[in-house]
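Colleague: Kindly produce the complete structure, drawing on both the sequences and the hints.
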Amino acid sequence: MNEFFVAVGLGLCILVFLVLYRVIFGPGVFNRIAAISAIGTKTLIILLVLGYVYNRVDMFIDISMVYALLNFIGCIAAAKYLEMER
Amino acid sequence: MEVTLFIHAADDAFRILENAKVQAVGLLDTATRLTSETRWMEEKKVQGILKGAQATRSGFQNFVATFVMLMGFWALLSGKFDTFHLSLGVICSVIVAYLSHDLLFANVRVGDGRVIAQRFIRYIPWLLYEIVTANFYVAYLALSPKMPIDPQIIRFKTKLESDISWVTLANSITLTPGTITIDIADREFMVHALDRKVAGDLDTGEMEDRVAHIFMEADHIYIQDVLDVSRIFAELKRGM
Amino acid sequence: MIASSDDIIIKTIARIFVPFIQLYALYVIMHGHYSPGGGFQGGVILGASMALLLITHGYDEVKRRLPEGVVMLLGSVGVLIYAGIGLTCLLLGGNYLDYSQLSVILHVDPAHARSLGILGVELGVGFTVMAIMYSIFFDISTGGILPGDEKRNEELENNG
Numbered sequence: 001m002n003e004f005f006v007a008v009g010l011g012l013c014i015l016v017f018l019v020l021y022r023v024i025f026g027p028g029v030f031n032r033i034a035a036i037s038a039i040g041t042k043t044l045i046i047l048l049v050l051g052y053v054y055n056r057v058d059m060f061i062d063i064s065m066v067y068a069l070l071n072f073i074g075c076i077a078a079a080k081y082l083e084m085e086r
Numbered sequence: 087m088e089v090t091l092f093i094h095a096a097d098d099a100f101r102i103l104e105n106a107k108v109q110a111v112g113l114l115d116t117a118t119r120l121t122s123e124t125r126w127m128e129e130k131k132v133q134g135i136l137k138g139a140q141a142t143r144s145g146f147q148n149f150v151a152t153f154v155m156l157m158g159f160w161a162l163l164s165g166k167f168d169t170f171h172l173s174l175g176v177i178c179s180v181i182v183a184y185l186s187h188d189l190l191f192a193n194v195r196v197g198d199g200r201v202i203a204q205r206f207i208r209y210i211p212w213l214l215y216e217i218v219t220a221n222f223y224v225a226y227l228a229l230s231p232k233m234p235i236d237p238q239i240i241r242f243k244t245k246l247e248s249d250i251s252w253v254t255l256a257n258s259i260t261l262t263p264g265t266i267t268i269d270i271a272d273r274e275f276m277v278h279a280l281d282r283k284v285a286g287d288l289d290t291g292e293m294e295d296r297v298a299h300i301f302m303e304a305d306h307i308y309i310q311d312v313l314d315v316s317r318i319f320a321e322l323k324r325g326m
Numbered sequence: 327m328i329a330s331s332d333d334i335i336i337k338t339i340a341r342i343f344v345p346f347i348q349l350y351a352l353y354v355i356m357h358g359h360y361s362p363g364g365g366f367q368g369g370v371i372l373g374a375s376m377a378l379l380l381i382t383h384g385y386d387e388v389k390r391r392l393p394e395g396v397v398m399l400l401g402s403v404g405v406l407i408y409a410g411i412g413l414t415c416l417l418l419g420g421n422y423l424d425y426s427q428l429s430v431i432l433h434v435d436p437a438h439a440r441s442l443g444i445l446g447v448e449l450g451v452g453f454t455v456m457a458i459m460y461s462i463f464f465d466i467s468t469g470g471i472l473p474g475d476e477k478r479n480e481e482l483e484n485n486g
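Chains as they are written, first to last, in the working numbering: chain A, 1 to 86; chain G, 87 to 326; chain B, 327 to 486.
No lab work stands behind these hints: they were computed from the structure. Any given hint might turn out to be false.
To be verified - Result set (BS3-like, lysine-lysine): computed pairs, CA atoms no more than 30 Å apart in a straight line: (1) K130(G) / K337(B); (2) K80(A) / K389(B); (3) K283(G) / K130(G); (4) K389(B) / K42(A); (5) K80(A) / K243(G).
What you are looking at is a predicted structure, and each value in this text was computed from that prediction instead of being measured.
Modeller: Set out below in structure tokens:
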């Protein structure tokens with residue numbers, strides 16, 4: 001069962017690297033913000049998968065909930081800042 | 087024979103409704119002819135009547151409902167149910183509910199909470215099914231070598247009334263792959279769709295009907311719709 | 327001076343989420359023994375919830391719930407709790423922040439007293455961190471100018 005979770009985690013890491021392309025080369029700020037938000041959702045699932053690998057899921061659920069929250073608030077704050085700057 | 091009686095009855099009904107509309111328009115004209123102070127007073131009176139007819143929750147009911155939901159959330163988070171931790175949970179829930187009791191339940195009408203919760207729970211499996219089917223179609227679009235997408239922006243006016251139902255509909259549209267809600271302005275939705283087919287799925291209005299069913303809205307007849315039907319009916323009758 | 331956002335979706339979602347975020351922050355503070363958390367993390371999440379309310383609903387809504395004077399008071403109360411518990415342990419005959427001495431006041435055994443002592447200290451830390459996060463965010467976002475002072479600052483700038 002462990003190998004399955006490790007494989008899932010590696011697959012998600014590869015997807016994160018694919019989205020990283022848009023963070024580096026995205027023309028303009030909005031593409032970068034959306035890509036970072038997408039990376040945040042993948043990171044969340046990788047954390048949970050790590051929790052299963054280490055057999056202590058309850059601890060990792062707390063961490064991933066906090067990360068989801070901060071991802072959400074960060075995205076909204078960045079959007080508000082850009083709206084006010086124009 | 088019965089059909090003729092039915093047609094006569096429908097004719098009479100449509101004529102009565104037309105008269106009612108003319109009278110309502112006349113009343114509105116009279117209202118605009120009044121002076122500005124009197125008009126303000128009239129508006130205030132009408133508002134008072136409408137607000138009184140729709141009893142809203144009081145602050146204390148909001149507080150108790152928020153406290154119960156927060157206590158349930160605490161029990162879900164912390165798996166320990168001994169006295170010490172439960173009393174800590176009660177204290178924390180009381181503090182948070184006191185600080186933000188008017189945030190959670192701002193617009194719900196009295197007595198509707200349980201029905202809305204039940205209907206919402208029954209709506210979720212249908213939404214999941216829609217997401218899965220749309221997922222297959224968008225994956226087929228994205229993976230075919232020519233990528234036959236046809237992006238377009240759709241605007242439509244919605245019949246839902248409260249802000250929670252707008253947000254539920256907007257989130258459901260965004261969760262379904264292929265469509266994203268861009269903006270809601272003045273009851274008009276702006277949705278970006280990938281393709282004519284996913285846009286067609288949205289145009290049938292099934293999602294909007296289901297969301298209206300959850301929040302028990304839009305279940306009254308609009309006079310203007312009936313009068314439109316009357317015009318079509320008259321045309322058909324003349325052509326018969 | 328941040329105005330209220332005119333996007334219904336974000337406003338509704340933020341106002342539904344904020345009580346749950348605050349309760350989650352208090353859960354993180356209280357359960358510092360058993361799961362990752364503690365005082366500082368919970369305080370940051372509380373401050374973030376206030377920041378969310380500021381961004382979506384504007385300055386007036388947040389000022390109505392937590393005016394800045396109250397927040398400064400909360401920050402000082404947090405430090406008072408921390409230092410107070412430490413001094414109490416000192417006065418009861420042990421070292422500074424030696425929680426086992428608290429068993430005299432609380433009538434529990436020393437191990438339990440240590441646990442409760444750390445809980446109290448984390449609570450104080452949480453309050454202070456929340457107050458500082460709130461204060462930093464508000465000072466940066468309003469630029470140090472309160473709503474009533476805008477004209478006075480303009481006059482000061484014009485006069486040189």
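Colleague: Could you tell me which of the numbered hints above are not met by this structure, giving the numbers in increasing order?
Modeller: 3 and 4
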